[in-house]
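Engineer: With the sequences and hints as input, model every part of the structure.
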Amino acid sequence: MSVWRGLLRRPVAMVGLVIAVAFVLVALAAPVISPYPPQEQFFDGLTLEGAPLPPNERYWLGTDLLGRDLLSRMVYGARTSLLVGLLANGIALLAGTLIGLTAGFLRGPVSSILMRSTDLMMAFPALILAIVIAALAGPSLKNVILVIALVNTGPVARVVFAETSSLAEREFIAAERAIGAGTARILFRHILPHLLPIIIVWGTLGISTTVLFEAILSYLGVGVRPPEPSWGNIVYDGQSYFQSAPWLVFFPGFAVALLALSVNLVGDALRDLLDPTLRGRH
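At position 254 of the sequence shown the residue is numbered 254 (the working numbering), and the sequence of numbers has no breaks.
Don't take each hint at face value.
[As the list claims (entries may be wrong)] Label-pair distances were calculated between CB atoms; the ranges are:
{"id": "1", "residue 1": "Ala174", "residue 2": "Gly221", "range": "52 to 58 Å"}
{"id": "2", "residue 1": "Tyr241", "residue 2": "Ser2", "range": "48 to 54 Å"}
{"id": "3", "residue 1": "Leu25", "residue 2": "Ser2", "range": "23 to 29 Å"}
{"id": "4", "residue 1": "Pro35", "residue 2": "Ser165", "range": "51 to 57 Å"}
{"id": "5", "residue 1": "Ile33", "residue 2": "Pro125", "range": "36 to 42 Å"}
{"id": "6", "residue 1": "Ala29", "residue 2": "Ala178", "range": "52 to 58 Å"}
{"id": "7", "residue 1": "Pro55", "residue 2": "Ala29", "range": "19 to 25 Å"}
{"id": "8", "residue 1": "Pro35", "residue 2": "Leu136", "range": "36 to 42 Å"}
In short, the hints are calculated from the structure, not lab data.
A quick note: this is a predicted structure, and the numbers were derived from the prediction, not measured.
Glycine included, C-beta positions come from ideal geometry on N, C-alpha and C.
Structural biologist: And the structure:
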């Protein structure tokens, strides 16, 4: 409740939360609120010269190069982009937390192997690594989720490792060891609860990163495979018409930027509220 009250005292964060929730509701209600099926091509969806139609009374956001309603594709694209964002980020959080928790508590050879593997993966630029893996695995929704999760696991593991290493040296952990508490009890009853604020913040901020990753990969042609709509491949399909039909790039690009901004605003507020080192500075 204190976190919720803290968010209520931050109007900018609440605006971000409202926008993010609105995107989620749109994605969930896509079959209901979408004016048309996303793959339907209309004979009157193109000009006589075969060019996309600009926004009008029937097609509120215009049409794409195949005469499909852009608003319908944007609504269904929100489902794809948010699905990638939530699943990929969730997998990265789970894997990164397990790696960092294990390495930070056990130390020794196990810790060295886990963290050196993480460092090796983080040594490559994240975007280039994601593009290479996605290109090798092939463009599909499942592969995009796994690729983005793999790329995002390293930073989460590194943060959790640092915090776990610090907590493992605390007196209350030594006291637990002295009374004979097992490793599992110490990890999941004492250390993990202290990590929850960091995990929550990273989970929130990571959603915007994964959505942006998906958009970039789809734009580069190694992401979600058409005709399944995502905001990234909508931009990719419309880039050749950027000068004559700028709405094909502007609307999906704006949606990606707005979602990323809204989630970041909420994540920044949660970081200020949950991180004890920042509490009281604002």
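Engineer: Which earlier hints turn out false for this structure, listed by number in ascending order?
Structural biologist: none
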